[in-house]
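Number of protein chains: 2
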Amino acid sequence: MPDHAISPTRAEDYPEWYQQVVKAADLAEQSPVRGCMVIKPHGYAIWERMQTILDRMFKATGHQNAYFPLFIPLSYLEQEAKHVEGFAKECAVVTHHRLELGPDGKLIPTGKLEEPLVVRPTSETIIGAMYAKWIQSWRDLPMLINQWANVVRWEMRPRVFLRTSEFLWQEGHTAHATSEEAVEETLRMLDVYATFAERDLAMPVVKGPKTAAERFPGAVDTYSIEAMMQDGKALQAGTSHFLGQNFARGQNIKFASTSGAEEFCWTTSWGVSTRLVGAVIMTHSDDDGLVLPPRIAPHQIVLLPIHRTDEEKAAVMEACRKLEAELSAATFGGEPIRAKIDARDMRGGDKVWQHIKQGVPVRVEIGPRDLAAGAGSMTRRDRGPKERVAVPLAEFASRAPTLLEEIQQGLFERAKAFRAERTVRLDSAADVHVFFGAGEGPGEGSARGGFAHVHVADDPAVAAAFDPLKVTVRCVPMEGNDEPGTCVVTGKPVPRRSVLARSY
Amino acid sequence: MPDHAISPTRAEDYPEWYQQVVKAADLAEQSPVRGCMVIKPHGYAIWERMQTILDRMFKATGHQNAYFPLFIPLSYLEQEAKHVEGFAKECAVVTHHRLELGPDGKLIPTGKLEEPLVVRPTSETIIGAMYAKWIQSWRDLPMLINQWANVVRWEMRPRVFLRTSEFLWQEGHTAHATSEEAVEETLRMLDVYATFAERDLAMPVVKGPKTAAERFPGAVDTYSIEAMMQDGKALQAGTSHFLGQNFARGQNIKFASTSGAEEFCWTTSWGVSTRLVGAVIMTHSDDDGLVLPPRIAPHQIVLLPIHRTDEEKAAVMEACRKLEAELSAATFGGEPIRAKIDARDMRGGDKVWQHIKQGVPVRVEIGPRDLAAGAGSMTRRDRGPKERVAVPLAEFASRAPTLLEEIQQGLFERAKAFRAERTVRLDSAADVHVFFGAGEGPGEGSARGGFAHVHVADDPAVAAAFDPLKVTVRCVPMEGNDEPGTCVVTGKPVPRRSVLARSY
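Just so you know, the protein sequences line up as chains A and B, in that order. First residue of the first sequence? That's 0 in numbering that gives the first Met the number 0, and the numbers climb one at a time after it. First residue of the second sequence? That's 0 in numbering that gives the first Met the number 0, and the numbers climb one at a time after it.
Certain hints may be false.
Pairs of lysine-lysine, DSS-like flavour, derived with a Cα cap of 25 Å [unchecked claim]: (1) A:LYS22 <-> A:LYS339; (2) A:LYS350 <-> B:LYS132; (3) B:LYS88 <-> A:LYS58; (4) A:LYS132 <-> A:LYS321; (5) B:LYS105 <-> A:LYS111; (6) A:LYS22 <-> B:LYS132; (7) B:LYS339 <-> A:LYS105; (8) A:LYS58 <-> A:LYS105; (9) B:LYS350 <-> A:LYS132; (10) B:LYS22 <-> A:LYS132; (11) A:LYS111 <-> B:LYS321; (12) A:LYS312 <-> A:LYS253; (13) B:LYS253 <-> A:LYS58; (14) B:LYS58 <-> A:LYS339; (15) A:LYS22 <-> B:LYS253; (16) B:LYS312 <-> B:LYS22; (17) B:LYS312 <-> B:LYS350; (18) A:LYS88 <-> B:LYS105; (19) A:LYS105 <-> B:LYS22; (20) B:LYS339 <-> A:LYS321; (21) A:LYS132 <-> A:LYS105; (22) A:LYS350 <-> B:LYS111; (23) A:LYS111 <-> B:LYS88; (24) A:LYS132 <-> A:LYS111; (25) B:LYS132 <-> A:LYS58; (26) B:LYS253 <-> A:LYS88; (27) B:LYS111 <-> B:LYS58; (28) B:LYS88 <-> B:LYS105; (29) A:LYS253 <-> B:LYS22; (30) A:LYS22 <-> B:LYS58; (31) A:LYS88 <-> A:LYS111; (32) A:LYS58 <-> B:LYS22.
So the derived label-pair ranges between C-beta atoms look like this [claimed, not checked]: (33) A:GLU84 <-> B:ARG156: 32 to 42 Å; (34) B:PRO391 <-> A:ALA371: 24 to 34 Å; (35) A:ALA460 <-> B:ARG156: 51 to 61 Å; (36) B:ASP54 <-> A:THR177: 33 to 43 Å; (37) A:SER502 <-> B:GLU311: 50 to 60 Å; (38) B:GLU114 <-> A:PRO102: 15 to 25 Å; (39) A:LYS111 <-> B:ARG156: 33 to 43 Å; (40) B:ARG398 <-> A:GLU334: 50 to 60 Å.
The hints are simulated quantities; they were obtained by calculation from the structure and are not laboratory data. Using N, Cα and C, we set each Cβ at its ideal position, and we do this for glycine too.
Bound conformation, chain A alone (with noise of 0.2 Å):
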């Protein structure tokens, strides 16, 4: 057996190791049509978890799920011309509703249709359409919907998770009377964001409003979080748009205020993918696979019994399953604490290295000697495989609590740390072609790389001035940045730092 269950390592190859733990944890695969993926169960389990925190974070701050159509015509993009641009160059195209049968036997598209439909890449002017018939007066307002949908723009170079033609997301959708509410609301919904990412996928992000030139199309301002992976380049983790009154003047979504005059609204959107399994993958994950922060892994503690006679087995067994219960009895994040046995008819190496392939924080192994002493013996996948700890049956379930909040917490600081070290203050342009240099620093598919806090404008100049090292300012960290200075591109004063860093 090699060193490590992954091959490439992190340090080899940092790419082709995030495609191997995809696959040695079974998440998902390529399908035969180009660009999209299958999810497989353990993956979407992952997304099952983000869905359940996130809906209800949703819904605890006022939001109401909907479903909107799959198809939006092409009339409805042609009236947001900046939007256009940035989205619908690379859509799906329906342009025929029936298949005939040919007589060599092939299928041939027919009943064309009057105007083609664009299968959803977002849902802004679908769904503002709706909310100009739906809003009459400020009574109406604020309207706060979610839609869980898939949506689909079409990608050249896919990367499973990161980068696919189909991907599952949320898209929240607002209007509100004022431009201050919806400022409100764009923050609010950032802020819920960071706090999913930071305490449940125990990922560390940056927060903070992005440059004109990575705004989303038709926005007046886009905000960010922004997560550093174990190669130093930052992953775009989720994004909250303060869209002004634009879409409302292209869609005519207006209401009568209180004063009874007629004011177009204020609208926001937000939405968080199933890119997030990625970044959770090569925030965490190490050199023998997947590693999931128990609050998102869909089985926390796996039981493993041991035995050879039947005899054995019955006591074994019994054992695990009075665990087992136990632990379902005891809660963590709010939640009963998810537990299985793992009785397969397999053997004990492959099982155990499956779940540690497959990511699950804590593994108790029970035989008929643990049964004698009352202990099991406890590995924990946030430390080294051979790590083991005998763990007192009886207390186990009363302790679990503790020990997978200790887990969740080490995972955050431990990134926290790495994200430090990779985090650099620089001060001239010069210094920053040497800290992202090809030569001299990290290259594309590097382990090393990282984040670059600088004064930098919010100015074309700069875009221009960086884009030969593939990096961009990824946003303008909100707290604890209020240091003014120089742009070290444009000599224009600015305010407060930038995050420049290479990016998925």
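Got chain A sorted already, so can you dock chain B onto it with the hints?
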């Protein structure tokens, strides 16, 4: 105010009554995209209730969720000749993957695909292609996967929830080593659907196999649950298909058996859709609007504070909040009771009628006088709007589970009685013609009609005989139906009666 909140009434114009109930309850509406509906928050919340309960039942029977691509290559459908005949007629076909902005501001589809893609009308072919890769040996079986997804079947005559070009559903797809296991799975999931329909939707169903003419294209056997709507028509509320080895052969889904021999798998598929929302509406609602069984009502109890002065308001709101908390701590159907306070500033009558039209099972009004008496004024949606009962506030929460169970059971019993009244046994083709004849019996859109239990053979002559009446064989009931006889059309001996009805 008219006698009833919904106009026309069921007796006056049943199809139009249905549309008006949907509108008055704010469940859904037509979108600008032909045949596609927008599911509004109240309608979607009902679907979420259905999803939550069904998902729990699927997982309890060993299934896992996964996600497969929206698009199916045209060639996949060509492989399944019989399947194509049934489904390929009305599909959305994607032919281009890019849009370009023309000089006149119009968008032009470009980037023609080498092979057109079909938006999934159902996923047997794409899931089968993955199963062929995933399944190697008997150790990989059974494969038990479910998908929650949107599907598209172009509809020329759409009706909200009942028949829409895009709809939401779940589709289970399983593969087994033996025919027996696959048949067992098919029937197990039919039972899951029947239990869900009767226990949760309070909707009595007849379950049984379909005749050849009504079978899923490519299936060996299709089983359905059939419910009776208030116009006497049948609504197919769920189907479970035993696919034999038909799809496995077409898609090469093979496994090495315990003896080492290579064999084709035996597969099943089963699904229910947002059509169930339409079924619930038409089963229980009345001329005042929607009536929801408590188990699937997004809110089961609404508390309506009544007050004039600020002092009254403080006391009444405090009592409401206390009761809401007590109700949320009580359970019904294994879940916390879903109660909410409606403190919106609007006319009390309008507010009450909104809850009536939206189908909230229980309303409790609490005003200063009620408070002084320690009681609230309760009205039930399943009784007349003026039938008020004083309920002691101190005991209401502890009595609520029994109250909700009584309402749930009452709706089920009422629906069963309705069906029993409109179900007949007929022993000649002439009687069938009289029962369904437009001249003497109920016609299209009538509030009469019903189920006729008749001895008929599974024979095209039977379908042909009743086609002029727009009557079809819905299924052959599996329970309480052991009376042999001879087919009223062909004279062939048959072991049991079938259910004939008009249908949605």
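Verification of the hints:
1. Restraint check for LYS22 of chain A and LYS339 of chain A: the C-alpha separation of about 22 Å stays at or below 25 Å, so the hint holds.
2. Between LYS350 of chain A and LYS132 of chain B the CA atoms are separated by roughly 22 Å; this keeps the pair inside 25 Å, and the hint holds.
3. Restraint check for LYS88 of chain B and LYS58 of chain A: not satisfied, since their Cα atoms lie roughly 40 Å apart, outside the 25 Å limit.
4. Proposed proximity of LYS132 of chain A and LYS321 of chain A is contradicted: the alpha carbons are some 57 Å apart, above 25 Å.
5. Annotation: proposed proximity of LYS105 of chain B to LYS111 of chain A holds, straight-line Cα distance about 18 Å (limit 25 Å).
6. At most 25 Å may separate the alpha-carbon atoms for a hinted pair to count; LYS22 of chain A and LYS132 of chain B meet this at roughly 14 Å.
7. For the given pair, LYS339 of chain B sits about 57 Å from LYS105 of chain A by alpha-carbon distance, which is inconsistent with the 25 Å threshold.
8. For the proposed pair LYS58 of chain A and LYS105 of chain A, the alpha carbon gap of about 48 Å is over 25 Å, so the pair is violated.
9. Using a Cα cut-off of 25 Å, the hinted pair LYS350 of chain B and LYS132 of chain A holds, with the two alpha carbons roughly 22 Å apart.
10. Distance check on the hinted pair: LYS22 of chain B and LYS132 of chain A sit about 14 Å apart at the alpha-carbon level, within 25 Å; holds.
11. This hinted pair does not check out: LYS111 of chain A and LYS321 of chain B have alpha carbons roughly 60 Å apart, beyond 25 Å.
12. A distance of roughly 70 Å separates the Cα atoms of LYS312 of chain A and LYS253 of chain A; the hinted pair therefore is violated under the 25 Å criterion.
13. A hinted pair counts as satisfied when its Cα atoms are at most 25 Å apart, and LYS253 of chain B with LYS58 of chain A does not qualify at roughly 45 Å.
14. With a CA separation close to 14 Å, the supplied pair LYS58 of chain B and LYS339 of chain A stays within the 25 Å bound.
15. For the proposed pair LYS22 of chain A and LYS253 of chain B, the alpha carbon gap of about 22 Å is at most 25 Å, so the pair holds.
16. The straight-line distance between the Cα atoms of LYS312 of chain B and LYS22 of chain B is roughly 33 Å, outside the 25 Å bound, and the hint therefore fails.
17. For the hint linking LYS312 of chain B to LYS350 of chain B, the alpha-carbon distance of about 17 Å falls within 25 Å, and the restraint holds.
18. For the hint pairing LYS88 of chain A with LYS105 of chain B, the CA-to-CA distance comes to about 13 Å; that is within 25 Å, so the pair holds.
19. For the suggested pair LYS105 of chain A and LYS22 of chain B, the alpha carbons sit about 43 Å apart, so the restraint of at most 25 Å is broken.
20. The hinted pair formed by LYS339 of chain B and LYS321 of chain A fails the criterion: a straight-line CA distance of about 38 Å is larger than 25 Å.
21. For the proposed pair LYS132 of chain A and LYS105 of chain A, the alpha carbon gap of about 44 Å is over 25 Å, so the pair is violated.
22. Proximity of LYS350 of chain A to LYS111 of chain B is assessed by CA-CA distance (about 47 Å); at most 25 Å being required, the pair is judged violated.
23. Taken as a hint, the LYS111 of chain A and LYS88 of chain B pair is honoured in the structure, with Cα atoms around 13 Å apart against an allowance of 25 Å.
24. For the hint linking LYS132 of chain A to LYS111 of chain A, the alpha-carbon distance of about 29 Å lies beyond 25 Å, and the restraint is violated.
25. Distance restraint check for LYS132 of chain B and LYS58 of chain A: the Cα-Cα separation of roughly 40 Å exceeds the 25 Å cut-off, and the hinted pair is therefore not satisfied.
26. As the CA atoms of LYS253 of chain B and LYS88 of chain A are separated by approximately 41 Å, the hinted pair breaks the 25 Å bound.
27. Note on LYS111 of chain B and LYS58 of chain B: the hinted pairing is violated, with a Cα-Cα distance of about 41 Å set against a maximum of 25 Å.
28. Under the criterion of a C-alpha separation no larger than 25 Å, the hint pairing LYS88 of chain B with LYS105 of chain B is inconsistent with the structure, at around 30 Å.
29. The straight-line distance between the Cα atoms of LYS253 of chain A and LYS22 of chain B is roughly 22 Å, inside the 25 Å bound, and the hint therefore holds.
30. For the hint linking LYS22 of chain A to LYS58 of chain B, the alpha-carbon distance of about 24 Å falls within 25 Å, and the restraint holds.
31. Among the hinted pairs, LYS88 of chain A with LYS111 of chain A is consistent with the structure: their alpha-carbon atoms are about 22 Å apart, no more than 25 Å.
32. Using a Cα cut-off of 25 Å, the hinted pair LYS58 of chain A and LYS22 of chain B holds, with the two alpha carbons roughly 24 Å apart.
33. The hint said 32 to 42 Å for the Cβ distance between GLU84 of chain A and ARG156 of chain B, and at roughly 38 Å that hint holds.
34. In this structure, PRO391 of chain B and ALA371 of chain A break the distance hint of 24 to 34 Å, their C-beta atoms being roughly 58 Å apart.
35. Taking the beta carbon of each, ALA460 of chain A and ARG156 of chain B are about 59 Å apart, inside 51 to 61 Å as hinted.
36. At roughly 39 Å, the beta carbons of ASP54 of chain B and THR177 of chain A sit within the given window of 33 to 43 Å.
37. Look at SER502 of chain A against GLU311 of chain B: about 58 Å separates their beta carbons, and that is inside 50 to 60 Å.
38. Under the hint 15 to 25 Å, the C-beta atoms of GLU114 of chain B and PRO102 of chain A, about 19 Å apart, fit the expected range.
39. With their beta carbons about 20 Å apart, LYS111 of chain A and ARG156 of chain B fall outside the hinted range of 33 to 43 Å.
40. Restraint check, ARG398 of chain B to GLU334 of chain A: a C-beta distance of roughly 29 Å breaks the suggested window 50 to 60 Å.
The earlier numbered hints that this structure contradicts are 3, 4, 7, 8, 11, 12, 13, 16, 19, 20, 21, 22, 24, 25, 26, 27, 28, 34, 39 and 40.
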